[in-house]
Structure formats: C-alpha cells, structure tokens
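Trainee: Here the structure of chain X is known, so what remains is to put chain H in place on it, guided by the hints.
Keeping their order, the protein sequence lines are chains X and H. The numbering of the first sequence is the UniProt record's numbering, which starts it at 1 and goes up by one. The numbering of the second sequence is the UniProt record's numbering, which starts it at 1 and goes up by one.
Hints were generated in silico from the structure; no laboratory data involved. There could be a bad hint or two in this list.
[Claimed, not checked] The list that follows gives simulated cross-link-like pairs (lysine-lysine, DSBU-like), each with its CA atoms no further than 30 Å apart:
id, chain 1, residue 1, chain 2, residue 2
1, H, LYS7, X, LYS176
2, X, LYS81, X, LYS154
3, H, LYS75, X, LYS81
4, X, LYS179, X, LYS104
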Amino acid sequence: MKSRDLQKKTNKSELNSSNDSHNIMKNNDSLELSSTLSSQRITNSDIDVNDVISSMVDAEGHSGATVIFLGSVRNFGMNGKVKGMYYESYVKMAENKIKNIEEKAMEKYGIKKIKIVHRIGKLALGNNSVVIALSTPHSKDAFTACRFILARIKQEVPIWKKEILSKGDEKWVDGKSIKTN
Amino acid sequence: MPTLMPKIRVTVLYFAFIHEITRKKEEIMELSTNTSIKELILIILTRYPNIKNIKNIKISVNYRIVNSNSNLILKNADEVALLPPISGG
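Next up, chain X with everything else stripped away, as it sits in the complex:
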C-alpha cells in the first residue's frame, strides 16, 4: 500500500477513533495547568511542529537553548517491515503522567518552557508520534533534559503501539512493564 493510501486510511481511522472508548478525549479530562505547560499532551491529530517551535519563543531571553525531539514512525520494527503504526492510550492517566514528568524535569534542569505532545490513533510512515520541546538557559541542560523526558515517557506513560506490517498482519509491540515511583 502506498503511503498516500495509508494516509487516507489514517484520516478515516481518526474519524472512527472518536468512538474509541479508550482514546476518546472528553472535555472534562482537561487539567488545571500553569501557563508554561501545554494544555493537550495526547492528541489524535497531526502534531503541528511549527506551533510547538513557536511556543518556545522567549521574548524576555531567559533561555539560551531550545532542543526539540521528534519521534516518528519507522519502516521497520520488532516484527519486521512496517507500513504504519497504531497507538492507543489511557488518555487521562497519560496526561497526568506527562504533566508529572514535565514538572519533575522543569525542577531538575531549570527548564523555562516545555511542551510534550504524544499522538495516538493510526499513523503513516514518517508521521510524528511524539514531540518534546524545551528551553533552558544552557544547551547542556536542554539536551540532558530531553533524554531524561523521553526515557520517562517510555517507562511511565500508558501508551501502547501496534505495528501494521507490510505482510498484512498487525502486532502489538511487546513493551516494558510500567515503572512505578
């Protein structure tokens, strides 16, 4: 299947996913957030990277470094050649966990601005699944903080992915047990 066809299916799937009892995002799931934190950390829409970058602009100059990590769908995975990926999440818990990771990282690395977004639903090859953006006064802290956050997301946030394989079948990725603190 060509990626354009998969993208069409992706869009259709996203429409269908509004009925998905796990991935549905209810209005009352929104969280009380401080002004420096993002308002939506789990999304079933394409992540607007330019918007994320814009949110890092610091007109007062508190930060000298901004690091952005983009995780995207690769064409090979644990079960062979991949043509797409499906992500599922326990949305409310995942939002809480990411917020908690943001707060810990901000305190630990002196982060001035931060935005983390993880996409769910059906993604085509090359689509961004996760974006981490943050700014700090010095570059060393920004790189270290970004690695710290990505590792914590993989260890703590209830998100699961299923590989849509080129040979036609689909397989859940055998991940890691959720780490508890």
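Mentor: Using the frame of chain X, we list chain H on its own:
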C-alpha cells in the same frame, strides 16, 4: 425475606493485548461491597483466563498504580484498569 447484599459498580478498562483477549475495551462490573482489588482481579482472571499469559500487567485504580494483591477495598464508581507493558515514544 432475605436481605439483599449491597452492591457497587466499578468500571474495568482493558488495553492493547488485553482487550484482544476480553473482546471489549471496558465493562461495568457489579460487585459486593467490601470487594478488594485482589478479589476483583481473581474474578477477571476467572472470566478471561488467557490474561494470565500476559506478563507484567499493572493495575490502576482511579489512575494510580496499585498492588494487584492489595486488600484495598473498591468503592462505587471506581475506575480500574489493566495495563500491559507499555511501548510509547
């Protein structure tokens, strides 16, 4: 006339590999009051024995991870989730 046992209703959520076993993503279970999380897990494993084949499942109650052997007593309207190993990022 026999007295009716009071009941509570909890929502149980199944994710990823687990909902492929249960064939449903969530269900409401009616339980006796004073049912512990440990007892609920036994009920679930009796209903869906193949869940035992999945290792390292964590349990959450109202978004907090709890010990699956816990004697924590469930309350009406609690949300319990079975969380298999994760793979985000």
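Trainee: A separate judgement is required for each hint: does it hold in the structure or not?
Mentor: Okay, the hints, checked on the actual structure:
1. LYS7(H) - LYS176(X): violated, 36 Å
2. LYS81(X) - LYS154(X): With Cα atoms ~22 Å apart, LYS81(X) and LYS154(X) stay inside 30 Å; holds.
3. LYS75(H) - LYS81(X): violated, 46 Å
4. LYS179(X) - LYS104(X): holds, 15 Å
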